[in-house]
Structure formats: C-alpha cells, structure tokens
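K.L.:
Protein chains in written order, with my numbering: chain A, 1 to 178; chain B, 179 to 319; chain C, 320 to 974.
Incorrect hints may appear among the rest.
[Claimed, not checked] Using C-beta positions, here's what the derived DEER-type ranges look like:
hint	chain 1	residue 1	chain 2	residue 2	range
1	A	Leu21	C	Asp626	13 to 21 Å
2	A	Met168	B	Val282	48 to 56 Å
3	C	Ser396	A	Gly95	53 to 61 Å
4	C	Val743	A	Gly20	56 to 64 Å
5	C	Phe461	B	Ile292	48 to 56 Å
6	A	Met168	B	Glu270	23 to 31 Å
7	C	Ala457	A	Glu175	50 to 58 Å
8	B	Ile292	A	Met168	34 to 42 Å
9	B	Gly306	C	Ile949	45 to 53 Å
10	B	Asp212	C	Ala696	38 to 46 Å
11	C	His621	A	Leu14	24 to 32 Å
Source of the hints: derived by calculation from the structure; they are not laboratory data.
Backbone N, C-alpha and C define an ideal beta-carbon position, used for all residues, glycine too.
These are the residues of each chain, in order.
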Amino acid sequence: MKRLRIFLWGLVGLALFLFGLFAYQLTQPKDEFVESAMIGQPLPAFDLRPAIADRPGLSSADLADGNAKLVNIFASWCVPCRAEAPHLETLRMSGAEIVGIAIRDREEDVNRFLAVYGNPFTRIGADDISEVQLSLGSSGVPETFVVDGNGVITYQHIGDIRADDVAMILEKLREAGA
Amino acid sequence: MKRLIALLALVLAAPLAAQDSLPPAPYAYNQLEDPELERQAHDLMLTLRCLKCQSQSIADSDAPMAGDMRHQVRTRLAAGETPDQIRTWLIERYGDYVSYEPRVTATTWPLFVIPFVLLLIAGLIIRGRLTRKAPAQEGAE
Amino acid sequence: MIAEFGLAALWLAAALAGLQLFAGFMGLRPGGEGTAVLARPAALVQALLCGISFLVLLWLFARTDLSVALVAANSHSAKPLIFKLSGAWGNHEGSMLLWVTVMALAGGLIAFIERRLPEKTMLATLGSQAFVALGFYAFLLFSSNPFERLPVAPMEGNGLNPLLQDIGLAFHPPTLYFGYVGLSVAFSFVVGALLTRQVTPEFARVMRPWVLGAWCLLTVGITAGSYWAYYELGWGGWWFWDPVENASLMPWLAATALLHSVSVLAARDALRAWTVMLGVIAFSMSMVGTFLVRSGILTSVHAFAVDPERGSFILALLALNIGGALAIFATRAGTVAEGERFSVLSREGALVINNVALSAILGIVLLGTLYPLLTEAFDVRVSVGPPYFNPVSAIFLFPMLVVLAIGPILRWRGDSFARIRMPVISLGLLLLVSIIALWVITGIGILPLLGLALALVVAVGSLLPLRGRSLRRLPIAVWGMVIAHFGVAVALFGMASDTAFQQERLVAANIGDVVEVGPWSAQLESVTPVAGPNWTAIEASLTLFYEGKEVTTAHPQARSFWSPPTETSEVALTTRRNGQLYTALGNQAEDGRWQLRLWWKPFVTWIWFGGLLIALGGALALVGRVVGDIRRRVAGKKITDRKADQEALAAEAAS
Numbered sequence: 001m002k003r004l005r006i007f008l009w010g011l012v013g014l015a016l017f018l019f020g021l022f023a024y025q026l027t028q029p030k031d032e033f034v035e036s037a038m039i040g041q042p043l044p045a046f047d048l049r050p051a052i053a054d055r056p057g058l059s060s061a062d063l064a065d066g067n068a069k070l071v072n073i074f075a076s077w078c079v080p081c082r083a084e085a086p087h088l089e090t091l092r093m094s095g096a097e098i099v100g101i102a103i104r105d106r107e108e109d110v111n112r113f114l115a116v117y118g119n120p121f122t123r124i125g126a127d128d129i130s131e132v133q134l135s136l137g138s139s140g141v142p143e144t145f146v147v148d149g150n151g152v153i154t155y156q157h158i159g160d161i162r163a164d165d166v167a168m169i170l171e172k173l174r175e176a177g178a
Numbered sequence: 179m180k181r182l183i184a185l186l187a188l189v190l191a192a193p194l195a196a197q198d199s200l201p202p203a204p205y206a207y208n209q210l211e212d213p214e215l216e217r218q219a220h221d222l223m224l225t226l227r228c229l230k231c232q233s234q235s236i237a238d239s240d241a242p243m244a245g246d247m248r249h250q251v252r253t254r255l256a257a258g259e260t261p262d263q264i265r266t267w268l269i270e271r272y273g274d275y276v277s278y279e280p281r282v283t284a285t286t287w288p289l290f291v292i293p294f295v296l297l298l299i300a301g302l303i304i305r306g307r308l309t310r311k312a313p314a315q316e317g318a319e
Numbered sequence: 320m321i322a323e324f325g326l327a328a329l330w331l332a333a334a335l336a337g338l339q340l341f342a343g344f345m346g347l348r349p350g351g352e353g354t355a356v357l358a359r360p361a362a363l364v365q366a367l368l369c370g371i372s373f374l375v376l377l378w379l380f381a382r383t384d385l386s387v388a389l390v391a392a393n394s395h396s397a398k399p400l401i402f403k404l405s406g407a408w409g410n411h412e413g414s415m416l417l418w419v420t421v422m423a424l425a426g427g428l429i430a431f432i433e434r435r436l437p438e439k440t441m442l443a444t445l446g447s448q449a450f451v452a453l454g455f456y457a458f459l460l461f462s463s464n465p466f467e468r469l470p471v472a473p474m475e476g477n478g479l480n481p482l483l484q485d486i487g488l489a490f491h492p493p494t495l496y497f498g499y500v501g502l503s504v505a506f507s508f509v510v511g512a513l514l515t516r517q518v519t520p521e522f523a524r525v526m527r528p529w530v531l532g533a534w535c536l537l538t539v540g541i542t543a544g545s546y547w548a549y550y551e552l553g554w555g556g557w558w559f560w561d562p563v564e565n566a567s568l569m570p571w572l573a574a575t576a577l578l579h580s581v582s583v584l585a586a587r588d589a590l591r592a593w594t595v596m597l598g599v600i601a602f603s604m605s606m607v608g609t610f611l612v613r614s615g616i617l618t619s620v621h622a623f624a625v626d627p628e629r630g631s632f633i634l635a636l637l638a639l640n641i642g643g644a645l646a647i648f649a650t651r652a653g654t655v656a657e658g659e660r661f662s663v664l665s666r667e668g669a670l671v672i673n674n675v676a677l678s679a680i681l682g683i684v685l686l687g688t689l690y691p692l693l694t695e696a697f698d699v700r701v702s703v704g705p706p707y708f709n710p711v712s713a714i715f716l717f718p719m720l721v722v723l724a725i726g727p728i729l730r731w732r733g734d735s736f737a738r739i740r741m742p743v744i745s746l747g748l749l750l751l752v753s754i755i756a757l758w759v760i761t762g763i764g765i766l767p768l769l770g771l772a773l774a775l776v777v778a779v780g781s782l783l784p785l786r787g788r789s790l791r792r793l794p795i796a797v798w799g800m801v802i803a804h805f806g807v808a809v810a811l812f813g814m815a816s817d818t819a820f821q822q823e824r825l826v827a828a829n830i831g832d833v834v835e836v837g838p839w840s841a842q843l844e845s846v847t848p849v850a851g852p853n854w855t856a857i858e859a860s861l862t863l864f865y866e867g868k869e870v871t872t873a874h875p876q877a878r879s880f881w882s883p884p885t886e887t888s889e890v891a892l893t894t895r896r897n898g899q900l901y902t903a904l905g906n907q908a909e910d911g912r913w914q915l916r917l918w919w920k921p922f923v924t925w926i927w928f929g930g931l932l933i934a935l936g937g938a939l940a941l942v943g944r945v946v947g948d949i950r951r952r953v954a955g956k957k958i959t960d961r962k963a964d965q966e967a968l969a970a971e972a973a974s
C-alpha cells in the first residue's frame with residue numbers, strides 16, 4: 001500500500017508539473033517564426049544573377065568587401081514587403097547600404113514592384129528556387145539580415161520592418177562596423 | 179450555365195494572391211532516376227519539417243518552399259551527399275526544429291533517457307507482480 | 320427565438336446538473352435520502368434538455384440562420400445540407416456543445432439503465448458525473464456560447480474550410496466524442512466506487528459494458544480519422560504522430576488497458592488499483608486532449624479556432640477534475656491496495672504485462688507530444704515526429720504483441736507450460752521463420768519487418784482460443800475477443816505492408832502518356848474542367864491497366880472552393896484485394912504537362928479494415944457481456960424464486 005501511495009504522489013507531482021507547463025505556455029504569445037541558426041556564422045558562398053536590368057546581381061563576395069550591409073529578402077508577391085518599403089528608404093537615407101534578394105520573382109514583376117514602392121537596393125539577386133534563402137536559414141518573406149564587412153551574419157529581423165524597428169536595425173548595423 | 183462555370187474554373191484555378199508565379203523547382207515534383215537514391219530521398223523528406231506549414235513534412239506539402247527543400251534534398255543526394263549530411267546542413271540553418279528526428283543534445287536527452295526509465299519501471303512492476311511459483315490449486319477458467 | 324430557446328434549454332440542463340450534484344452529495348450523508356431521490360430524474364431530464372439544445376443548434380445550421388454568430392462564421396447557404404449539419408460540430412462552440420450533450424446523454428443512460436450497483440455508489444457516480452459536467456457547462460455558457468446572436472445578420476456566411484466538407488467529417492468527430500466522453504462514465508464510476516469503498520468484482524461487471532462501448536466508438540473514431548486524413552490531404556499518409564492525433568490515441572491506450580483490467584477485476588477481484596488508476600487516466604487524457612487541441616499551445620495540422628483564454632478555462636477544469644480524482648484516490652488508497660502476486664503463466668499475469676506495456680506506450684506518446692512544449696519554455700525549438708515515436712513505441716509494443724499471441728489461451732490463476740508447449744513452440748517457430756524469410760527475400764527495414772512477422776504470429780495466436788471448442792456454442796464475448804485480437808493483426812499487417820512496400824511515382828505527363836507504378840499503368844486521357852455545388856475543379860481522366868489488362872478509370876481532381884478561397888486535391892482511389900492505387904492531380908507546368916502523383920499501396924486498406932474489426936470485436940464483447948449478465952440475472956431470479964417457493968412449502972408443511 002505504501003508503494004501505491006508513493007506512486008500516487010508521483011502522479012500528482014507529474015500532473016502539477018504538466019499543468020504548470022500548460023499554464024506557462026498559455027501566457028506566452030504563439031511564436032510562429034523560425035529563427036535562423038546562422039547568426040554568427042559566415043555567409044555561405046553563392047552567386048545570384050541580377051533580378052532586374054538596372055542593378056547588378058548579388059554574390060557572397062560582394063558582401064565581404066569590408067562594409068557592413070543589410071540584406072533584405074523580399075518578393076513582389078509579398079504583401080508585407082510593401083509596408084516595409086518606406087522604412088527601407090529611411091534606412092538607406094540614414095546611410096545604410098541595402099542589397100536585396102528577390103525570391104521566386106520574374107523580372108517584370110520586380111520592376112513593377114520597385115516602380116511603385118521605391119528601390120533602396122544597390123544590388124538585387126534573383127533567387128528562383130529559394131536556394132540562397134534556404135542556405136541563410138530564412139524561412140519567409142520579408143526578412144532582413146545584418147551582415148558585417150567580413151561576410152558574417154550578425155543579426156536577423158523576421159517580418160516587415162516597422163517604424164520603431166528602424167532605430168534598432170541602425171544600431172545593429174553600427175555594431176557590425178558600418 | 180455549367181459550361182460558363184467550368185470556364186470560370188479555368189480562370190479561377192490560377193494561383194491565389196500572395197503566392198509566387200514562378201514554376202516549382204525542377205526536383206520539387208520530379209523523382210530521381212536512381213530508385214535507391216529516390217527511396218533515400220523519400221525517407222529523408224518524410225522526416226524534415228515544412229517550415230511554412232502547421233505541422234507537415236516536406237514530403238506531404240504543396241507549399242513552394244517545401245518544393246524548394248525537396249529540390250535541395252534530391253539534388254544533393256544525386257551529387258553524392260548522404261542523408262545525414264543533408265539533415266545536418268538544414269539543422270545548421272534552422273536549428274533542430276526542422277528535423278522530426280530529434281538529436282541527442284543537452285536539451286533533448288530526457289527524450290531518450292525516459293523511455294529507458296520507463297522500461298526499468300515496467301520491469302520492476304512486472305517482477306513485483308509475477309511469481310514463478312505455481313499456484314496452490316489450478317483453477318479452470 | 321429558436322436560438323434563445325436552445326440557450327435556455329442549455330441553462331436549464333446546467334441547473335439540473337447542479338441539482339444532480341447536490342442530490343448525489345446528499346445521498347452520501349446519513350438522512351439525505353429525500354434529496355438523493357432526485358438524482359436519477361435530474362440526470363434524465365438533463366439528458367433530454369441537452370439533447371433539445373443540440374437539436375436546436377442543428378436546426379439553426381440547417382436553416383443557415385445567419386443572425387446566429389456561429390452559423391455566420393462557419394456556414395454558407397450554398398453548402399449541401401449534410402455539410403451544413405456537420406458544420407454544426409466542425410467548430411469550437413458546436414463541438415463543445417456536442418461534448419456536453421454526450422456527457423448528459425451518458426449520465427441519463429446510466430441513471431435509466433443501471434440498477435445493479437448499491438444505491439450509494441450509484442448516487443456518488445451520478446454526483447461525480449454532474450461535477451465534471453458542471454465545469455463544462457460553465458465553460459460553454461460563460462465563454463463559448465454557441466447561440467450568441469449578431470447585432471446585424473450578414474448577407475452570407477463565411478463558409479466552412481473545404482477540407483472539412485466531406486463525409487468523413489460527418490463520422491469522425493461524433494464517434495470520437497462519444498468515445499472521449501463515454502470514458503467520463505468510467506471516470507465517474509471509478510470515483511463513485513472509490514467514495515463508497517465499492518471497488519468490487521460486481522462493480523467491475525457493471526462498469527465493463529460502459530467501458531467497452533466508449534472504447535468501441537473511440538476505435539471507430541480514430542480509424543475514421545486516419546482514413547479521412549489519408550484520402551483528404553492528398554499525400555497518402557495515414558498517421559503523422561501529429562499532436563491532435565496523439566491526443567486521440569492517448570485516451571484509447573488508457574481505455575484499452577482499462578477494459579482488460581476490468582476483466583481481471585471482475586474475474587479475480589484483483590488489479591483494483593490498476594482499474595481505478597486507468598479509469599481516472601483515460602478520461603483525464605480525453606480532457607488533456609481537448610485542452611491541447613483548443614488552447615493553441617501546440618502546432619498542429621488540425622488548427623482549431625484557438626484562444627488562450629479558453630485554454631485557461633479548460634486548464635482550470637483539468638486541474639479541478641484530475642486533481643480531485645487523484646486526491647480521492649489517495650485518501651481511499653487503503654481500500655484498493657492489494658499486492659497479490661500472479662503466476663507468470665496465467666492470464667492475469669499476461670494482462671499485467673499488457674497493462675504495463677500500454678501504459679508505457681501512453682507515457683512515450685505523452686512525452687513526445689509535450690516535449691517541444693517543454694523546450695520552448697527554454698527558448699529552444701525541437702520537433703518530435705515519426706522517427707522518434709515509431710522505434711520508441713515499438714520497444715514496448717512488440718513484446719506486448721508476443722504476449723498477446725499467447726495470453727488469451729492461458730488459464731486464470733495459473734497454467735502449466737506443458738499444456739501450452741505446443742502453441743508456444745509453434746508460434747515461436749513461426750516468428751523465427753517469418754523474420755528470416757522476410758529478411759532474406761525483401762530488403763525492408765527492421766520495424767516493418769518485425770511488424771509483418773508479428774502480425775502473422777498474432778493472427779494465428781488470436782485464433783488459438785477457438786481450438787478444441789464448439790464454434791456454435793462459443794460465447795459471444797469470446798468471439799468478440801478473438802475478432803478484436805485478429806483485427807489488431809490485420810491492422811498491423813496493413814501498416815507494415817504499406818510502410819515497406821509502397822511505391823511512388825511523380826511525373827509531368829502529356830495527354831496520352833502512360834505512367835507505371837508497381838503492377839499498375841495509368842494513361843492520361845484528358846484533363847477537363849468540372850463544376851460542383853460550391854466548387855470548380857480540373858479533373859483528369861486516367862485509364863488504368865493492372866498487369867497489362869485494362870481494368871477501370873480514375874478521375875482525380877484539383878478542386879477550388881470560393882468561400883473561403885481554398886484549393887484541395889481530391890484523390891482517386893482504386894481498390895483491389897491486394898492494395899490501393901492512389902492517384903492525385905497537381906498543377907500544370909509551364910510546358911503544358913500535367914503533374915500526376917501515383918502511389919501503389921499494397922494492403923493499405925487492411926489498416927482500417929483491421930480497425931473496424933477491433934471495434935466489431937469490442938461490440939460483440941459488449942453484447943456478449945450484456946446478454947450474459949441478463950441471462951445470469953434471469954437465472955438468479957429463478958433460483959431465488961424457487962428457493963422462496965420451497966421455503967414457503969416447508970413452512971406450510973411445518974405448520
């Protein structure tokens with residue numbers, strides 16, 4: 001009988017632990033984002049052809065030229081990308097150099113998007129089969145990475161950049177050596 | 179009227195907004211020539227998570243990113259990488275979340291230890307409840 | 320007007336549950352008999368009122384009454400009637416109302432039928448049922464009112480997820496709910512018996528049919544859900560170890576162990592603590608499952624409308640009910656503890672092993688399902704899926720299957736090895752030979768190989784109890800056991816066969832191309848647009864050849880619904896005795912070729928056929944026990960009548 005009681009107390013303990021875990025998780029906001037595990041790692045080697053005629057393509061060598069940059073992963077079919085366009089422009093005017101990777105996009109669609117929402121990019125690479133996106137550990141659009149002058153990823157911002165994110169991104173860029 | 183609806187169907191069957199218009203990656207929906215490699219690819223894909231879905235493997239999903247991941251799996255296998263190397267490559271990018279096969283790490287060791295503990299407890303309970311001695315009388319059912 | 324009527328009925332039912340609880344409580348105290356008499360009628364009227372409330376909801380959906388918020392959010396006037404009705408429970412509030420209704424119906428049924436228990440135990444049982452029900456009534460009425468009105472009725476409803484517009488939706492949730500909530504009866508019985516110190520063989524005989532009934536329905540529900548996912552999701556998978564699937568499996572595992580444990584209690588007055596424990600755990604797992612699915616803390620394909628506030632309410636109910644039951648168990652532990660040891664070669668012994676194995680698998684499934692939740696608390700995200708669940712559960716499942724093959728022929732109390740030597744050795748040889756043969760002939764993995772071999776052994780073993788007995792005189796309950804165990808072998812065979820021998824072909828085909836997979840070839844004849852009541856689709860027409868001979872045609876579709884806009888894949892299934900050809904149509908490539916997906920799945924239908932056999936076995940066992948009990952009661956009455964006559968005669972003779 002003593003064994004039974006011990007076992008029951010064990011069960012009660014397990015139940016309490018589980019309920020505590022459930023209660024805790026209920027208070028946490030549901031985190032749908034998957035963060036990249038490449039923060040702190042050097043960029044994998046890649047070489048993307050130009051997405052539009054007006055801008056050169058993007059390769060990993062371009063991102064290791066000694067200057068910290070922002071890499072913006074976007075697409076013309078991505079709705080939140082439109083919302084973040086003005087803030088990208090603000091970042092560019094504050095001195096940030098922004099390069100873009102267009103995911104699964106046709107040239108005419110990218111041109112149309114940039115004509116309407118502005119073009120803050122110095123370079124745009126075309127990633128037709130999400131290969132570079134996968135190699136960076138990015139799982140959606142839009143996302144923005146801060147890459148330092150040696151080509152090491154230092155920060156990832158998931159989702160569109162809002163007005164209050166601008167200051168923090170500039171700070172991360174400064175930390176990376178811009 | 180039915181024909182009008184059917185015609186509308188052709189128009190409406192186009193992809194919906196907020197999806198890309200490029201075709202799927204070459205190996206998203208095509209199998210490898212070598213059946214053994216394709217089997218390995220299939221087994222691996224069943225254990226990799228589609229990151230844009232609620233809870234599906236990349237083998238079970240029509241999402242474009244799942245297709246792109248399938249393309250990566252197949253092309254890398256064809257190029258000579260092993261399934262474990264491909265899985266590691268993805269984990270390096272997305273963390274353990276992307277793999278349905280948990281590794282033994284500092285955070286997951288209970289997953290592997292607790293089944294052994296359960297085995298032990300099961301053994302103890304069975305040993306405590308069963309005895310080799312024949313019963314005093316043999317009863318019919 | 321009608322909606323308010325339904326709401327009023329629900330409130331009244333809740334009030335009656337309160338009365339039932341009070342009456343049950345009073346029944347346990349000396350002198351409370353006056354109030355206690357109200358318990359049974361309260362349960363009956365509660366069942367009636369709840370039933371009315373649910374019928375009202377069905378009516379509102381059938382008429383697409385858009386002034387009711389639930390109908391507006393989940394229905395559409397263009398939906399076919401059957402799907403309008405099944406839409407009533409295809410949402411959170413409606414399914415909670417179904418839950419509460421089934422609970423009330425179960426309570427009413429016990430009150431109506433059960434006369435064999437001591438009155439106090441009956442009252443304690445009804446009181447416990449009312450206690451649990453009240454919690455869910457409160458949840459419904461205060462936070463998930465299905466009859467809420469909209470201030471302005473919209474022009475049209477939001478429609479229903481097209482994935483759910485399917486005949487499977489008509490069957491899957493109600494059977495599951497009857498199962499889950501049916502287990503609440505076992506829970507209440509166990510709590511009632513604990514409170515009145517009546518955990519006895521007679522109690523076990525009373526509880527057994529209720530457990531069997533709930534378990535039967537749960538088996539059908541899970542089988543239906545698996546088949547539904549198989550043909551609805553378009554990729555031919557039938558089990559993903561998805562959190563919601565696991566949430567339905569865990570109560571089933573506990574209920575399976577419970578129904579075996581109850582048999583031991585009925586036959587040998589043993590395993591009392593196990594029976595009580597499993598009775599509590601089975602319904603607790605139902606409640607945990609409901610919590611996990613509706614709270615939104617786990618990511619799942621079955622995305623219900625989730626809401627952390629609702630989650631908190633259910634969590635509170637969980638803590639109250641499970642905590643309360645365990646507390647009562649702890650205070651009454653003395654009445655159920657017995658440390659009797661069984662012979663290793665006895666049916667009780669085999670059932671102990673069975674209980675332990677099922678509980679261990681339950682533990683594994685719980686661990687794997689909740690582990691990502693635990694690591695998330697430390698900001699680490701992991702995924703636990705089939706590569707973990709399959710091998711780890713196999714560690715406990717495979718030995719259990721070996722015991723299953725022999726267990727049913729063991730005698731109660733004890734057996735001699737000499738008596739069972741022949742069957743044991745033959746089955747052992749069969750196992751060894753099949754493992755070696757499969758290893759040599761096929762190159763399949765270890766898990767499906769062992770699955771196939773064990774399926775064979777269990778199939779033969781399950782028929783052993785028939786040996787040497789007159790088949791016509793066999794009790795129905797024994798037939799039930801044999802068929803259910805045989806069903807396990809059939810289902811296992813299907814699972815292993817599909818896993819090991821499935822073949823897949825993905826192609827981009829032009830009209831006229833022929834695709835081969837396994838013994839089948841399919842020729843793409845045409846791709847045409849087609850329209851339905853609330854959808855339009857592209858349909859492919861395939862001519863199918865089996866081993867070269869033309870057999871039939873298949874018409875897979877890529878379907879587009881417009882409210883809400885969704886695309887689904889409607890697969891075409893062609894079934895033969897030895898398996899299924901599963902065909903699906905994808906998108907058209909830029910060069911005009913159509914994407915076709917074909918699978919050859921040997922013996923895959925045996926999975927669900929086996930599941931239904933298991934449920935059939937359970938139903939037969941239920942019928943057999945009920946018939947047996949009635950016969951025993953009638954015979955018993957005859958004996959007491961005759962005794963009374965004899966005594967009367969003797970008294971007459973003496974006077």
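K.L.:
All the hints need checking, so say for each whether the structure fits it.
P.N.:
Hint check results:
no.	hint	result
1	Leu21(A) with Asp626(C): 13 to 21 Å	19 Å, holds
2	Met168(A) with Val282(B): 48 to 56 Å	36 Å, violated
3	Ser396(C) with Gly95(A): 53 to 61 Å	58 Å, holds
4	Val743(C) with Gly20(A): 56 to 64 Å	48 Å, violated
5	Phe461(C) with Ile292(B): 48 to 56 Å	38 Å, violated
6	Met168(A) with Glu270(B): 23 to 31 Å	26 Å, holds
7	Ala457(C) with Glu175(A): 50 to 58 Å	53 Å, holds
8	Ile292(B) with Met168(A): 34 to 42 Å	41 Å, holds
9	Gly306(B) with Ile949(C): 45 to 53 Å	39 Å, violated
10	Asp212(B) with Ala696(C): 38 to 46 Å	44 Å, holds
11	His621(C) with Leu14(A): 24 to 32 Å	26 Å, holds
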